[in-house]
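Letter by letter, the chains look like this.
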Amino acid sequence: MKKFLALVFASALTLSLVACGNKDAAESTEETAVVAEETAETEDVVLPAEEETEASEESAYMTYADYAATAVDEEVTVKVYVQATQSWWDNTITVYAADADGAYFIYNMACTEEDAAKLVPGTEIIVTGVKGEWEGEVEIMDATFEFGTDATFEATAVDATAALGTDAITDYMNQKVSFTDMTVEAVSYKNNEPGDDIYVTLSKDGNNYEFCLEYYLNGSDEEFYNTVGNLEVGATVDVECFLYFYQGPDGHLTKVTVK
Amino acid sequence: MMNIKKNLIRFSILFLLPLALSGCHKPKKTATFQVPESFDENKNYEITFWAKNDTNVTQADVYRKAISDFEKLYPNITVNFKLYTDYGKIYNDVITNISTNTTPNVCITYPDHIATYLTGNGNVVPLDELLKDPRYGFGGSEVKFDSPDYDEIIPEFLNEGVLFDHNYAIPFMRSTEALYINETYVNKLGYEIPDVVTWDFIFEVSEKAMEQDAEGNFKINGQKVLIPFIYKSTDNMMIQMLNQLGAGYSDPDGNIKIFNDDTKKILLDLSKEVKKGTFSTFKISGYPANFLNAGQCIFAVDSTAGSTWMGSDAPLLDISEENIVRFKTVVRPVPQYDAGNISMISQGPSICIFNKDDAGEVLASWLFAEFLLTDDIQIGYATTEGYVPVTTKARNNKEYHNYLKLAGFDNKEHYDIKIDATTLLLNNTDKTFTTAVFNGSASLRDAAGQLIESVTKSVRRKKTVDDAFIDNLYKETISLYHLDSLNKGFTEDLGPLPKASKVLITILITTWLIIGFVYLLRLIRNRQKKRV
Chain G
52 MKKFLALVFA SALTLSLVAC GNKDAAESTE ETAVVAEETA ETEDVVLPAE EETEASEESA
112 YMTYADYAAT AVDEEVTVKV YVQATQSWWD NTITVYAADA DGAYFIYNMA CTEEDAAKLV
172 PGTEIIVTGV KGEWEGEVEI MDATFEFGTD ATFEATAVDA TAALGTDAIT DYMNQKVSFT
232 DMTVEAVSYK NNEPGDDIYV TLSKDGNNYE FCLEYYLNGS DEEFYNTVGN LEVGATVDVE
292 CFLYFYQGPD GHLTKVTVK
Chain B
3 MMNIKKNLIR FSILFLLPLA LSGCHKPKKT ATFQVPESFD ENKNYEITFW AKNDTNVTQA
63 DVYRKAISDF EKLYPNITVN FKLYTDYGKI YNDVITNIST NTTPNVCITY PDHIATYLTG
123 NGNVVPLDEL LKDPRYGFGG SEVKFDSPDY DEIIPEFLNE GVLFDHNYAI PFMRSTEALY
183 INETYVNKLG YEIPDVVTWD FIFEVSEKAM EQDAEGNFKI NGQKVLIPFI YKSTDNMMIQ
243 MLNQLGAGYS DPDGNIKIFN DDTKKILLDL SKEVKKGTFS TFKISGYPAN FLNAGQCIFA
303 VDSTAGSTWM GSDAPLLDIS EENIVRFKTV VRPVPQYDAG NISMISQGPS ICIFNKDDAG
363 EVLASWLFAE FLLTDDIQIG YATTEGYVPV TTKARNNKEY HNYLKLAGFD NKEHYDIKID
423 ATTLLLNNTD KTFTTAVFNG SASLRDAAGQ LIESVTKSVR RKKTVDDAFI DNLYKETISL
483 YHLDSLNKGF TEDLGPLPKA SKVLITILIT TWLIIGFVYL LRLIRNRQKK RV
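Protein sequences appear in the order of chains G and B.
Per the working numbering, the first sequence starts with residue 52, numbered consecutively.
Per the working numbering, the second sequence starts with residue 3, numbered consecutively.
Worth flagging that the hints you see were computed from the coordinates, not collected in a lab.
Keep in mind the model is a prediction, meaning the values are calculated, not measured.
In this text, a Cβ means the ideal position worked out from N, Cα and C, and glycines have one as well.
It is possible that some hints are incorrect.
Computed list of lysine-lysine pairs in DSSO-like fashion (alpha-carbon distance at most 30 Å, straight line) [stated by the list, open to error]:
1) Lys285(B) x Lys259(B)
2) Lys278(B) x Lys54(B)
3) Lys414(B) x Lys400(B)
4) Lys182(G) x Lys400(B)
5) Lys259(B) x Lys182(G)
6) Lys241(G) x Lys84(B)
Some chain B residues flagged as far from chain G (calculated, every beta-carbon gap over 12 Å) [claimed, not checked]:
7) Asp63
8) Gln349
9) Tyr405
10) Asp418
To give an idea of the interface, some chain B residues facing chain G are shown, with a C-beta separation under 8 Å as derived from the structure [as the list claims (entries may be wrong)]:
11) Gln36
12) Asn55
13) Ile321
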């Protein structure tokens, strides 16, 4: 009888736990469904199955030149490599990406928190979305992605100092670039206090250029945050950044060297 | 004796087990707040305040001064301040912190959000008792600052914080949306701007503005870029359009009514404008103010709390000097369907307080919240943007009257467009409305905006937008925002139990019956043994 009672208890407990567990599973399915629905809106390009040949896979992706030539509001599919990400939030993540020929800014790409952790620099991903332009920044919006092969690529910063103040600067949009011998003109915290973005104005040959330490990109790097926050007006610096645009070049700083 | 003990233990376990299991889904609830007899000024309190500003450092400075002034009055209270520039982020952070019982003490919020906090066991303090408490309430005898009286809080604004028959929020600032117009271009196109602008007027003028020269430049501005009409908050756009038409959106019982034929007509009409290139949104193209100031937009709708960014002489600008175009800006109510029957949304931040174990800490939080409604802060914050104070006390303050009178005196504090936007709301408070608040109303609001965004994007992406498209969009939107599974309040009938729960309950009942049966069987046998 004791064994029977133990069995009854065990069954009741197990079923109770299963009932609890089912709820989570249901919620998880629901979340997936939401992402899938968001995907459905834009995902017209069908990627080849994994078993298909490399050649046919390649044909499904745009080259950077094709992407650059694509008009705004057109759908795009690109194979790119993660260079950096902003913080994951609300099932989306913003990605700075590149391939050997150019760079991409992928805004609020649908992504689970679990997948976001895997988007480390160099990771190959296939992104499908719509080309958009927001305040001068050309980006991929409403994007979804899947992981690519194990191939990796990390771009090195290109010196774009000579392009400052010229139309040629647009050619470097979204790329990892460097600017040398810049003079610090102003540093200010968003909201007038640390804890959010830092706006930095640098000059070269008498012209001012705007930069930003984007908090969601690298605000958690305390040392870097303090370095930028403590920059002194008049100091000479070399900087590296992802060349984001907002009403003109507005690089998201990734490295600052005080000379 | 041993048998009794064993039986007691068994019964305890049997009673506790279902309780433990049923407790799986119930997070810890803090005791209901009771106003303490007095505020202990010898005890130190540390409270957190999460606030939002409109990317406007002056507003951040007003908050900081408020904290500093308050801490001087109450040296035993320390206010830790966290500043956001997005209501959505505050909302998400609060939701995250509810599960860990680490919500802030005082929080700038929207009633829509409070409805969700409440159903998430957010322990938001009902303020009914505190509002009128003779010692610590508005105008209370023990309050150390010149608090407004209860009757001096504008009742329409105070009522916006009533949810489920309790007052869970006090208003902090109020604003509405305004239509900012490049009058120079409208006149150049051969039109005069009426006092109340209709949707038809906007689309007529916008269409005329689309004329281009042989080189592809728009004749009106000589530029390659022109989006005549840009709307910042498409959720407000849809809500106001429906309200003006008297069409369904939601009701106080939490019933969703937006997916109707009026909405469909609005969307189909709008799709035609998008196709002509006359209309776009902030999310798709950028800030209306930037386009307006660059001469690339003629009609920009944004909050009155964004008025300092509007116009050639705006004190806050995001575009470079060489891109600014000179023009005359005028401010009007948001576009209307019926010029004789104006309707505009009431919006703006409210304040809520989260419950804590220590009633003294909650009282300290309340005192700070109450302090935010004093004249200095009300006037100080309202004048940073096109906000209006929420108390008649501040509105009747001579300092505030002087501020309004000096419209156009300078392009900073007295920037005329900002004060015009403020006056627009002051003169039309009786024509403002709010939507019903319930658990899920925040999602419904998002969905309302998403309908316009989706249609706009789809037309731009050359998809066919017709009846079938809208029907499908309705289905997708309902599913995406879970509008078919809203829990509307605390006491709603939740419908039939899920199958898993039914099975679980059946098993538990069966187990109890078997145990009872076995127990009785043993009892009978034991008695029979004793008789033997």
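Hints breached by this structure: 2, 4, 5, 7 and 11
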